[in-house]
Amino acid sequence: MNRRIRRLGLAFAVLYVILFVQLNRVQFFGAERLQEHSINSRGLIRDFGQERGSIVSADGVVIARSVEIGEPVDFRREYPEGDLYAHIAGYQSLNVAATGLERIYNDELAGVTVEQQFRTLADLFSDRDTTATLHLTIRDDVQRAAKEALGDRRGSVVAIDPRSGAVIAMWTWPSFDPNLLADPDGSVSNAAFEAYLNDSGDPLLAKSYREVFFPGSTFKLVTAAAGVESGMIGAFAPEFPVTDAYNPIPAGVPIRNFAGGACGGDLIEILRISCNTAFAEMGAEWVGPEQMIETAELFGFNQLPPIDLPNAATSRFPTDYGVRLADVDFYRGTEDIILANGAVDIYEDTARLAQTSIGQNDVAATPLQMAMVVAAIANNGQIMVPHVVHELTGADGTRYGTTDARLWRQALRPSTADVLRAAMVEVAVNGTARNMAVDGLLVGGKTGTAQLGTDPPNSHAWIVGFAGTGDGVPELAIAVIVEAQEGASEQTGGVVAAPIARAVIEAYFS
Amino acid sequence: MTALGHSRRERVAPLYAALRPRRVEAGILAMVAIVVVVAYVLASLGRTASIPANFGPFLGWMLALGFVAHLAVRRLAPAADPVILPMALLLNGLGYVMIARLAENVPGGSDLAGLQATWTAVGVLGFIVTLALIRPVRILVDYRYLLGAAGLGLLVLPFVPGVGREIRGARIWASLGPINLQPGEFAKIALAAFFAAYLVDARDLLRNRVELRDLLPIGIAWAGSLGVMVFQRDLGSSLLFFAVFIVLLWVASERTMVLLLGFGLFLAGAVVSWTQFPHVQQRVDIWLDPWADARGTGFQIVEASFALADGGLTGAGLGQGEPDRIPIVESDFIFAAIGEELGLAGTSAILMAFLVLIGSGLRIALRATRPFDKLFAVGLTTLLGVQAFIIMGGVLRVVPLTGITLPFVSYGGSSLIANYVLLALLLRLSHDQRTVRADGGSRAENPS
Chain A
1 MNRRIRRLGL AFAVLYVILF VQLNRVQFFG AERLQEHSIN SRGLIRDFGQ
51 ERGSIVSADG VVIARSVEIG EPVDFRREYP EGDLYAHIAG YQSLNVAATG
101 LERIYNDELA GVTVEQQFRT LADLFSDRDT TATLHLTIRD DVQRAAKEAL
151 GDRRGSVVAI DPRSGAVIAM WTWPSFDPNL LADPDGSVSN AAFEAYLNDS
201 GDPLLAKSYR EVFFPGSTFK LVTAAAGVES GMIGAFAPEF PVTDAYNPIP
251 AGVPIRNFAG GACGGDLIEI LRISCNTAFA EMGAEWVGPE QMIETAELFG
301 FNQLPPIDLP NAATSRFPTD YGVRLADVDF YRGTEDIILA NGAVDIYEDT
351 ARLAQTSIGQ NDVAATPLQM AMVVAAIANN GQIMVPHVVH ELTGADGTRY
401 GTTDARLWRQ ALRPSTADVL RAAMVEVAVN GTARNMAVDG LLVGGKTGTA
451 QLGTDPPNSH AWIVGFAGTG DGVPELAIAV IVEAQEGASE QTGGVVAAPI
501 ARAVIEAYFS
Chain B
511 MTALGHSRRE RVAPLYAALR PRRVEAGILA MVAIVVVVAY VLASLGRTAS
561 IPANFGPFLG WMLALGFVAH LAVRRLAPAA DPVILPMALL LNGLGYVMIA
611 RLAENVPGGS DLAGLQATWT AVGVLGFIVT LALIRPVRIL VDYRYLLGAA
661 GLGLLVLPFV PGVGREIRGA RIWASLGPIN LQPGEFAKIA LAAFFAAYLV
711 DARDLLRNRV ELRDLLPIGI AWAGSLGVMV FQRDLGSSLL FFAVFIVLLW
761 VASERTMVLL LGFGLFLAGA VVSWTQFPHV QQRVDIWLDP WADARGTGFQ
811 IVEASFALAD GGLTGAGLGQ GEPDRIPIVE SDFIFAAIGE ELGLAGTSAI
861 LMAFLVLIGS GLRIALRATR PFDKLFAVGL TTLLGVQAFI IMGGVLRVVP
911 LTGITLPFVS YGGSSLIANY VLLALLLRLS HDQRTVRADG GSRAENPS
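If you read the sequences in order, they're chains A and B.
Per my numbering, residue 1 is the first one in the first sequence, and the count goes up by one each step.
Per my numbering, residue 511 is the first one in the second sequence, and the count goes up by one each step.
Please keep in mind that the hints were generated in silico from the structure rather than gathered at the bench.
Beta carbons are placed, not taken as given, at the ideal position from N, Cα and C, and that holds for glycine.
Check each hint, because a few of them may be wrong.
Claimed, not checked - The following label-pair restraints were derived from C-beta to C-beta distances:
1. A:D362 x B:D803: 51 to 57 Å
2. A:G70 x B:P788: 39 to 45 Å
3. A:L10 x B:I649: 29 to 35 Å
To be verified - So the derived list for chain A, only partly shown, Cβ under 7 Å to chain B, looks like this:
4. F12
5. L15
6. I18
7. L19
8. Q27
9. S38
10. I39
With the hints as extra help, turn the sequences into a complete structure.
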């Protein structure tokens with residue numbers, strides 16, 4: 001009989017191994033699929049069964065908080081400021097997937113991270129509120145000023161402290177009311193979600209950091225920086241010829257100035273009046289594609305910005321300019337220019353480089369990216385990691401984590417930043433960005449008008465700039481875009497966007 | 511071998527041989543006690559974030575029961591296998607922690623913890639009584655027909671008017687005053703003893719010739735378990751009875767044909783009942799695709815899957831999950847609750863504990879010298895192992911779900927008492943065979 005008993009033992013071993021394998025399938029390998037199953041409401045009930053930490057602005061205004069309702073779940077989220085912070089805080093809803101900080105700081109707000117659960121041994125024996133409050137870097141007064149100044153025009157405002165990377169204001173219109181989406185009544189939240197999805201203005205999209213636009217002339221800051229970095233361009237030399245058209249080499253469509261005017265001069269001058277022909281020549285014949293690409297990418301183009309918000313868009317600077325032409329291909333009686341500039345190799349598509357150097361062709365940037373360009377110039381060439389969360393604190397005041405100022409990268413040499421800073425101040429004092437200037441503050445700026453090629457002519461009106469109280473690093477870097485404004489003159493940015501930037505600067509320094 | 515006429519006292523093993531297993535048992539029990547106490551503290555903290563008020567009494571109650579059982583084994587079966595009792599107490603303890611933790615959340619559950627503690631006490635009492643009275647186990651052979659009749663009687667008890675009760679669609683209950691019992695839990699032990707004794711008698715016949723008459727017992731067992739399924743709607747018990755009988759017949763006859771025949775009959779019965787009985791059909795449909803009606807008939811198993819998935823590797827932590835979302839979680843689905851709060855680590859521990867019990871039981875069967883002892887040990891071990899497999903496999907959707915308790919872990923008085931009796935019988939078998947060996951050894955050295 002013993003042989004059968006041993007076989008019986010083997011049979012039991014097999015049966016229990018089957019159970020063990022199935023346990024692994026359910027509890028480990030297939031667990032995620034089960035947890036995310038559409039009829040599995042465990043996660044939601046857990047999330048809404050307890051109070052959650054608040055989100056507050058740098059100056060203490062409550063942006064998101066839990067409110068006890070009892071039915072159909074214990075708590076719901078409430079957003080007292082309505083649409084003002086919708087693109088940053090996002091929403092947490094029973095019926096619609098969470099977004100923004102509510103999504104990425106879910107565990108911290110709910111108080112379920114290991115750090116929050118077990119801080120000391122004593123926590124094992126006490127009933128402690130483990131939720132964390134999320135303190136933002138956003139200042140409510142500045143955010144509000146941005147919203148009021150932009151009004152009902154479509155556009156975005158991004159303001160950063162260049163010294164730390166702290167985002168001071170980040171506003172996009174159209175926005176949405178997160179309270180509707182967080183409504184526990186599915187018919188309310190789903191209807192609102194549908195309506196927002198179908199809205200042509202795409203109010204759910206935080207265009208300030210998730211949408212790219214033609215940067216227009218604001219991109220000339222990048223070209224100028226590349227020029228100075230290359231060692232070929234100084235503040236007062238060389239002088240670019242005064243002309244009304246730049247003919248790209250080896251061949252291409254001539255590039256003209258706004259209103260067909262003629263312009264030229266040194267770097268300070270061509271930036272002040274935003275001279276297309278001079279910057280096209282600078283990019284194409286003095287800087288060259290390698291340096292242009294390198295500097296653009298050091299500023300953050302073609303890379304995911306390291307901001308602590310989800311789904312950020314990557315700004316673009318074209319990198320393909322064809323093959324380098326051998327000298328023999330190029331010599332067509334233009335030796336004079338080449339020798340005079342002492343310059344760079346010419347590529348098959350150098351004509352395209354002439355366009356990208358003035359922010360045309362396929363260049364695209366988020367408002368956040370342009371604010372980072374200015375921040376680098378303001379902060380001696382250093383770009384700090386942009387962030388909207390300042391710190392996390394527990395109910396008893398414990399600090400769980402502080403976002404210190406962290407260097408993202410050195411985009412420029414400090415000496416290059418000095419040159420550009422001086423040039424931008426000149427633009428705000430005597431140039432196209434005069435409407436941005438504020439008495440008593442050191443302000444530098446650069447306008448942009450990105451023509452959309454529509455009929456009648458429409459353009460994005462841009463302004464980027466910085467403002468500071470003294471000799472040190474300016475306290476604020478700002479980028480403003482007002483989308484699809486009528487007209488296409490170089491003045492558009494200065495007229496439409498500059499007053500918005502000024503209002504935000506005044507709010508910040510008031 | 512000692513003649514039956516010798517008194518028991520003469521056959522007691524030398525002290526060193528007898529007490530060593532008990533020291534091992536005491537050591538494992540101490541570890542089990544620590545695990546269970548820590549689990550209870552954690553579960554209470556998870557729910558209320560403070561040490562529970564009834565912490566002291568509980569601790570004393572459960573530790574005392576374990577200690578009493580250990581003392582009883584020391585006194586009554588000192589040479590018995592040292593891991594069986596600790597494994598059972600571990601399962602019992604973890605189950606108790608889970609039931610106490612669930613008590614606040616399941617409907618009408620406030621008394622569950624107290625009741626389960628009481629049942630544990632009764633179970634330990636049954637354990638001691640069995641150890642004290644049934645020595646040696648083979649005295650049961652003399653009562654085999656009485657046991658067979660008692661087993662059948664217990665099975666039909668739920669149909670006796672005035673005594674029988676139908677709860678949750680299954681007619682497996684009998685009420686004794688205010689207490690509801692599942693007589694089937696006790697019937698399984700009586701029937702296992704009867705099968706073992708009967709097969710010892712019939713063994714030689716079965717081995718030598720194949721005649722139609724030999725197939726009669728299989729037919730009767732098959733019809734009997736079909737009857738349990740049809741009339742009591744208790745698929746799990748039906749499968750359990752049939753499996754134990756076939757295993758015993760196979761081991762006794764040493765014929766593979768028995769297994770094939772048994773399997774064939776099982777399939778035939780399964781197919782016929784699947785086509786004829788809606789409640790069987792429903793169980794199979796849920797097993798094949800619980801998602802088809804996830805909010806209706808498949809709700810329980812779907813929620814159990816979600817609970818197990820939430821548990822992951824290490825579990826949500828005792829008292830931190832929501833196992834009360836699963837209907838009847840305290841009984842049939844307690845395995846899913848353990849999976850949610852203790853994770854894969856906890857469920858694997860439960861599996862291991864059962865495997866250790868099965869291994870120990872089969873080792874007792876291997877070492878036993880008398881055919882009845884062998885077969886009875888196999889029967890008892892198969893009861894335990896198959897019952898645990900049926901319900902764990904049901905929860906995990908390895909086999910169709912059938913309502914049956916997880917031995918020692920689930921809430922339920924009848925199950926707990928019956929399984930403690932089963933445990934005592936295994937320990938008694940173990941003690942007897944070891945003393946026989948120790949006896950033989952001492953005599954070889956010291957012939958008299």
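Numbers of unmet hints, in rising order: 9
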